[in-house]
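Same order as they appear, the protein sequences are chains A and B. Under this note's numbering, residue 378 is the last one in the first sequence; the count climbs by one each step, no gaps. Under this note's numbering, residue 378 is the last one in the second sequence; the count climbs by one each step, no gaps.
Derived from the structure by calculation, the hints contain no laboratory data. The C-beta atom is built at its ideal place from N, Cα and C for all residues, glycine as well. Be aware that one or more of the hints could be misleading.
Said to hold, decoys possible - Just a few of them, taken from the derived set where beta-carbon distance is under 10 Å, the chain B residues facing chain A:
no.: 1; residue: A211
no.: 2; residue: D270
no.: 3; residue: L273
no.: 4; residue: A278
no.: 5; residue: D279
no.: 6; residue: V291
Letter by letter, the chains look like this.
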Amino acid sequence: MSFLFIRGLSKSFGGPPVVDAVSLEVEHGEFFALLGPSGCGKTTLLRMIAGFETPDSGTIVMDGETMNQVPPHLRPTNMVFQSYAIFPHLNVFDNIAYGLRKLKLPKPALRTKIEAMLATVRLEGLESRTADQLSGGQRQRVALARALVREPKLLLLDEPLGALDKRLREAMQVELRAIQRKVGITFLLVTHDQEEALSLSDRVAVMGHGKILQVAPPRTLYERPNCREVADFIGEINFFHATVRQIADAGVAVNAGILGLLTLPRPNLADGIREGDHILLAIRPEHVGFADAGIAGEIGAATFLGERNHFQVQIAGRREPVAVSAAAAPAGQAVHLAFPPECLIGLPSE
Amino acid sequence: MKSLRLYALAYLAFLYLPVLVLPVFSFNNSEFIAFPLSGFTIRWYQGLAADTAMQHALGNSLKVGFATALLSTMLGLAAARAVTRYRLKGAGAALGFISLPLFIPDIVLALSLMLLLGAGGLPLSLAAVVLGHLLICVPFALTVLIARFEGFDRNLEEASADLGEDPLMTFWRVTFPLMLPGIVASLLLTFITSFDEFLLAFFLSGTEATLPVYIWGQLRFPERLPMVLALGALILTASVALVILAEYVRNLGAQKTTVGA
């Protein structure tokens, strides 16, 4: 059985369910992310795993042990709170040592252990500071150290980098990943930042409206989203209305309206779609190409970002411009766009 | 502008001059409270030191005050934690009912309590006074403590549980130290409220007078008035010292806990 095993977990706060029949499995040593917009239930799910909220139904099993009735202080998890929750009346040393009271370590052993942890999170020399004497990044590390020093089986991170500025956030992402590799603990990260989820995690669960939409490694999530919401939430994407004409092992024939008749590879079609279904064809901006012939269009706006640049191309029969990401556009405003069928993904239309 | 300033000065004079008169006449060498002053003396204070009835009343007031402060702060702490940390049905109504005694005239409260305690077989006593004082002190304690609970991140208590401490140890290691300034403020406020409360004490104390009741009794004897003034001056000094101490503790706490959120 997986290290963390969740089956049919639901929770409501007197209204519609915030977490709705969620099932999930996380492997030992995995860096797993729960990704979703705010209000999608990801934090409530995390708080149920930590034991701060009681599920209405469903089970949480950790390392083969059912956790539903176990109070938070007896669970083999530790959490890095979004607010960090550094104890304001204690200094950095005592904050990190807080959870070690029951080990009854002799003073020198405790000091050695805390100092090793301070080194891991690169906070050497700050042990006598209090929370108000620390920067945001340093507080985040204290919160991380305080949780890691207990050597939990599962570390829960609730938007741990949300309060940091962009540069610091990127630096901490690299460090977080390095720390996870070093300590080998299972990390469960909650975030609304898709870039963060994709760059840090082994696997990502995308959540929406209390449900898990898709669980997959970052690359799969990007290349093979299974529904419109996931495709939309992970990076930018263009959608076209289409109808499935024929499904065969060799390929899927679709009538894509303004894009004409196309044949997609069979794996590009999401599960559960049948012949005659109305679908959405999705394609990432970097897969749309400028070509000598193809769909005629006109460049409406161009944003120069450096190596790759971003263009909005207006085509006939479609109100929204097509997003195109390419190194350069041909001279002039009139262009032709090519939509390679192997890059088109067929998704259910809601 | 000028008339406003005059008004402000008159107001301050009315507020503080009587209070200043107290210590001045307590050192005046005359039984009559009248100007001109007739000389410096400490005999009224010496008289206080010899007055065992007064000391007994002071002892009663201190006992009632300590008991009231301790009990109302403990009850307030439990109630304040409940309404700020849990989603409770009817929490608003409960808070309203707890605060209601503040709006009932004390004379009504005192009379009804006296009748009720008599009917219930509890004799009029210092314990009865403590019960009465709880009614008016718990709302004060609750107000102070709720403000304090709302001021700190509830994640701090969750973090403690997360780090392996059960609810009792979490209270001791996190909640109590962070609440300490509020607890001290509540203890002082409820103590002072109980210490100078007259009506409830007058109706409920029976034969054991508290200090305000004793002072009221002394007003029948004009020759003892300067001694009452000396007592008042001492109480005033102690109160000011307490308030300064409370402010000091509050500031100490404020500096340490502003980063809690």
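Verification of the hints:
{"no.": "1", "hint": "A211", "in the structure": "violated, 19 Å"}
{"no.": "2", "hint": "D270", "in the structure": "holds, 6 Å"}
{"no.": "3", "hint": "L273", "in the structure": "holds, 5 Å"}
{"no.": "4", "hint": "A278", "in the structure": "holds, 4 Å"}
{"no.": "5", "hint": "D279", "in the structure": "holds, 5 Å"}
{"no.": "6", "hint": "V291", "in the structure": "holds, 6 Å"}
Consistency note: the structure conflicts with earlier hint 1 alone.
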